[in-house]
Amino acid sequence: MRALLAAVAVSLVPATVAAQANRWQRQVQEQLERVSPHARTTKTGVLNLEESEWFAVTLTAGVSYSIIGVCDNDCSSLQLVLATPDRNELVTDRRGENFPVVRFTPAETRDFRVKVVMDACLVSPCWYGVAVVERQ
Amino acid sequence: MARDLRRWVVATLVACGVVAFALLPPRGAAVTRAGLVFAIPQSTPARLRAQALAAEWRAADGAARLLDQRARARSVLSSPETRKLSVTVVLTGPQSIPREAVARVASAMDSSWAALGLGETKIGVLVVIDLAPGTTSGPAQEAPMYLEPDSTNRTTCVALVPGGLYWSRFILGTPGQERERPYFVEWLRASLGPCAFYATYGAPSKTVRRWLTVRQWDIGRFLSTENPVRRAWSSTDMLGDPRYGWYWERIYTFSPSTVACMAGRPAGCRALVLRGGGASDGAGRADSLPRIVRTEPRRWWQAQDLIPGERYLSDVARTVGRERFLGFWGSPLPVDTSLALALRKPVGEWTAEWQHRYTPRLRLGPAAPVTAYALAVTLGVLVLFGAALAAQRRQVR
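So the protein lines, in turn, are chains A and B.
Be aware that the first sequence starts at 2, since it is given in our numbering, and climbs by one per residue.
Be aware that the second sequence starts at 88, since it is given in our numbering, and climbs by one per residue.
Bound conformation, chain B alone (with noise of 0.2 Å):
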């Protein structure tokens, strides 16, 4: 082989090496989540399942004192001075509790009912907050559980809110934190979760309820009615910054659907809104399903695959209007028929857009990164001048 042209395969098994070394992703390395500042941290098994039992107790505790306060609500609710109300609140706690307390509490929540447009409504709310928990023998709860009416009540739902340190002691009057009451009255309306809906909407049809409770109504948890909505507090700020290492941190932990979704892609969205909407999930008829609703007590968000769900219902709600969410409610048609006609709009079209105001569009597919476009561009100038250098020696004068 001729020196020259062995120098030739040299030079290009070299550029063929470096641009596989630039360009190729690493294969056949372990995933590991050490490097995953943001991800949920790994219990051991002991602690997994400590926690779990600590978890059934909770709702054990929970289910069987929002039955109770339903119970002890109906001899008050139904006398005929009180038939009317559509809110009630009830103060729990190891302690006495002041007259202005009460006056506080009454006052936001108000206020609550105000903001969401509602007078009286059909379904009434026993909105029942623990002060203080953790000081009775009873396990405390974390995170607002809901019983949903039923046949043996079907004008009422209960939400039994644990009020933290933080809110009980607001409302047990701390001075000097009147100022917090703003947040209070949203702290209250964002506590009706579910209730919300029932109070505005009455009672789903049987096919959106299977539906939202196969979901724990994770798409549910909230209902605005204002328009147009203010900037508030959602799961996406927790996501942060695209410019930041840890937004793309989260981005790698969710669902393909979910990313695909914050991609623009009306498929991937479609899959994610009619999760438990199917004919087959729900396993059986809704009047056998549970009427209990647990929300995740911690970093619920982490677990969340329409990102930000829990405004979901609400901003259809609220785009949709009165009339037309009250079609798809009620409806007993499939859950991806009756939310498309209420949407006017194939469900993944209008989830796409929706997704889109919340997050920025993520760029899926082979986009080389910029410095790759530089390496390129300067491999094949070399190329070009090596070549060009080549000929000219070659010339023949």
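Only chain A is shown next, with the shape it has when bound in the complex (with noise of 0.2 Å):
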């Protein structure tokens, strides 16, 4: 390894700054404290235009959910998909809105993916959130 006997990190934001989050991840939790605050699951992450992302999720038969998604206020298109663990396709959101909705209701309790695409971002990358609430 390269001997390295001096290292200094030199932070340009004063230590008296102090943040959970920054503005674009915070925009993120509040839309997702608001859509759902009782959210069984949350997933957030951080995606480019054009890229998209999977995660597992497991849901119970009979029991009515709605998977919504919020992204950042750069973000104006985000497309949600509830697959198989195969990767087929159940139920879509393509309506290439920032706020996209599936709703589903499985049938036998397994686990299924759930896929993100970021469709439009003016700054890439953009933070997302996926909130599985469980219908009333």
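Don't read these hints as lab results, they were simulated from the structure.
Just so we're clear, the structure is a prediction, and the values are computed from it rather than from any experiment.
Certain hints may be false.
Said to hold, decoys possible - Partial pick of chain A residues on the chain B-facing surface, computed with a CB cut under 7 Å:
#1 Val47
#2 Asn49
#3 Val92
#4 Ser125
Virtual Cβ for every residue (Gly too), placed ideally from N, Cα, C.
Please dock the two separately framed chains into a single complex, following the hints provided.
This is the structure in structure tokens:
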């Protein structure tokens, strides 16, 4: 390993500025709290334009779910897809809005996969959040 | 044949010979570089091989260090207190670094960041400045290297910058060098390279990134958002003055497209700008392109085809404004289409005008020099005079 006898990190933001997240993360968190304060599962992440990400979620048989996507203020279009573990699409919301919602009631309890597609992002990357909510 | 007629034939042939000698260029001579004082000197094959090996070693070492520094920084930047950071400077070197040096660099980088109009950004920049390189066992980096954000870390761009002896001494606090601070701020800003574009405009679309990667970011080495831009150093300064021979020596080393662009021909300019922007360029998906950007260590301006290419993208951004530039930067359309939409003009035409702002317009084509015109007029007058004289002598009185 290269011998580095000195390595000093210089921070340009005053130490007094302590925040839990950056501006765009906060925008997503605030939207998630607003749309689904009692969400069962939430997932947040960051994607560039035209990129997508998968994550797994377990849904219970007979329970109606809403899967809600939100994204930061630079994002104007987000897509959500609910699929089986082998990626066969079950429900999608590709309306091209920044607030996609898919509704689904599984016949059996099993794992599913959710795909998030960043369809329009003015300044990449854009932060997004997905909430899985049980409908009453 | 009459004696007078023979004299006229001889005179005509002599005149043709004089004209040919004066105007026709020599043919068949081998091209020699010996007379080109400012051409890149040619090394021996052994030396070229050694230089190529050294360059590969530096590239591998630089790539490893970029990844290592990003991994180290991740642990620091992911803590809640520092998650808002937009630029972080790491000083590395073989000796202990005084606290004043850290403050000096922090202050200068703050100025550079502010000059770009940046505060909190979506993509943070980690600048690793290597102080006194070459004193360790690894190869000394000769030019900055960059690690673009990738799918494992979409929010950090890393710049590995060799401080060199001059700026290392400045950072470490050689007395009496505070007057150099404005130049140091400029140097820091220039050192951000492609990371400045990432911080200012976010990640480019796949087509734009493929275009820039194929070109090794040669048209995006430097970002300046000042408007109006003040006169700063550019690679045109290395061209010199058209009144002197060494200017023309450089012109003759350029590609035909470069010369055409300098002559104001849009087709040449378009070819230069869109190199690497075609559908077949990039050899595959943008995701598989390398994320490491290396810059030419020596005489990089002699490898340029667009002059001054290092400012091109910055000038486009400043001219069209943030909104239109973002439209181009994030566009999935082919580069020639998205760039023309942002410029609201064909790429070649806009670039020809841009080129003229930096270099005088070259005159191309079969334009004879003044001396040739003078010789032709003199010969014409002589012929007329001779004809008049002959006609006068033949006149029957």
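Against the structure, the hints come out as follows:
1. Val47: Since the shortest Cβ distance to chain B is 5 Å, the answer is holds.
2. Asn49: With Cβ-Cβ at 5 Å, under 7 Å, it holds.
3. Val92: Given a least distance of 26 Å, the restraint on Val92(A) is violated.
4. Ser125: 4 Å, holds
Hint 3 from the list above is the single one not met by this structure.
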